[in-house]
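Chain by chain, the residues run as shown.
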Amino acid sequence: ETGVTQTPRHLVMGMTNKKSLKCEQHLGHNAMYWYKQSAKKPLELMFVYSLEERVENNSVPSRFSPECPNSSHLFLHLHTLQPEDSALYLCASSQEWTGQETQYFGPGTRLLVL
Amino acid sequence: GQQLNQSPQSMFIQEGEDVSMNCTSSSIFNTWLWYKQDPGEGPVLLIALYKAGELTSNGRLTAQFGITRKDSFLNISASIPSDVGIYFCAGRPNAGNNRKLIWGLGTSLAVNP
Chain G
1 ETGVTQTPRH
11 LVMGMTNKKS
21 LKCEQHLGHN
31 AMYWYKQSAK
41 KPLELMFVYS
51 LEERVENNSV
61 PSRFSPECPN
71 SSHLFLHLHT
81 LQPEDSALYL
91 CASSQEWTGQ
101 ETQYFGPGTR
111 LLVL
Chain W
1001 GQQLNQSPQS
1011 MFIQEGEDVS
1021 MNCTSSSIFN
1031 TWLWYKQDPG
1041 EGPVLLIALY
1051 KAGELTSNGR
1061 LTAQFGITRK
1071 DSFLNISASI
1081 PSDVGIYFCA
1091 GRPNAGNNRK
1101 LIWGLGTSLA
1111 VNP
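In order, the protein sequence lines correspond to chains G and W.
Numbered as in the working numbering, the first sequence ends at 114 without a single skipped number.
Numbered as in the working numbering, the second sequence ends at 1113 without a single skipped number.
These aren't lab readings, by the way, just hints derived from the structure by calculation.
C-beta atoms are modelled at their ideal positions from N, C-alpha and C, and glycine is treated no differently.
Calculated from the model, a selection of chain G residues having no Cβ within reach of chain W, i.e. all distances over 10 angstroms:
#1 S20
#2 K22
#3 H26
#4 H77
#5 E84
#6 S86
In silico SDA-like cross-links for lysine to any residue, where the CA-CA straight-line distance does not exceed 20 angstroms:
#7 K40(G) to L1105(W)
#8 K36(G) to I1086(W)
#9 K19(G) to S86(G)
#10 K41(G) to P1008(W)
#11 K1100(W) to E56(G)
Some, not all, of what chain G presents toward chain W, calculated at C-beta under 10 angstroms:
#12 V4
#13 Y35
#14 Q37
#15 K41
#16 P42
#17 E44
#18 L45
#19 V48
#20 E56
#21 N58
#22 L88
#23 L90
#24 Q103
#25 G106
#26 G108
Pulled out of the complex, with its shape left as it was, chain G reads as follows:
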């Protein structure tokens, strides 16, 4: 595997379900990100982990819970979501403190909440 991978690629869940999204980066980066992409809106940064420590939490509801067990893996745990949470969830990684931090994205998980 190369780059940034995400699983599952598609997910349908009910509002009472609990599910997790997984991201893995194979680039040796030290920072990982979760974004939400909805139609007609710019990409919304949700969480940032730097060296496995959460450094950003942009007013995301508590029904989204991130976890970063090591610098290569990132999870987004989902619980009692709402239909408006349906979107494409993108994971990205970057190498911080280089002066030229560029984010590389995974293919995303298309989430539908019924």
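Chain G is fixed; fit chain W onto it per the hints.
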């Protein structure tokens, strides 16, 4: 939240034509990035710009970091059908949170063979 003004919103062109799109900001940026997103995929980095006035090419793509540091453009020459997709600009403001990219809403490109 803050966003970039990206234009045009959409373009429908004939194969072989050149394409130009741009992004503007009300504040100074120290980084401009251009991404392309295909349906069902994540954004793929096309070109990264780090200095005002910088002009960088990637095959048929050319992007420039505006001298004012408040804008950037992307040109595609001699378009082909596989250029179809959504092109996003993203920038990093000079002040404030260095981790946070500000994104445009995208330019949707359709190419008629």
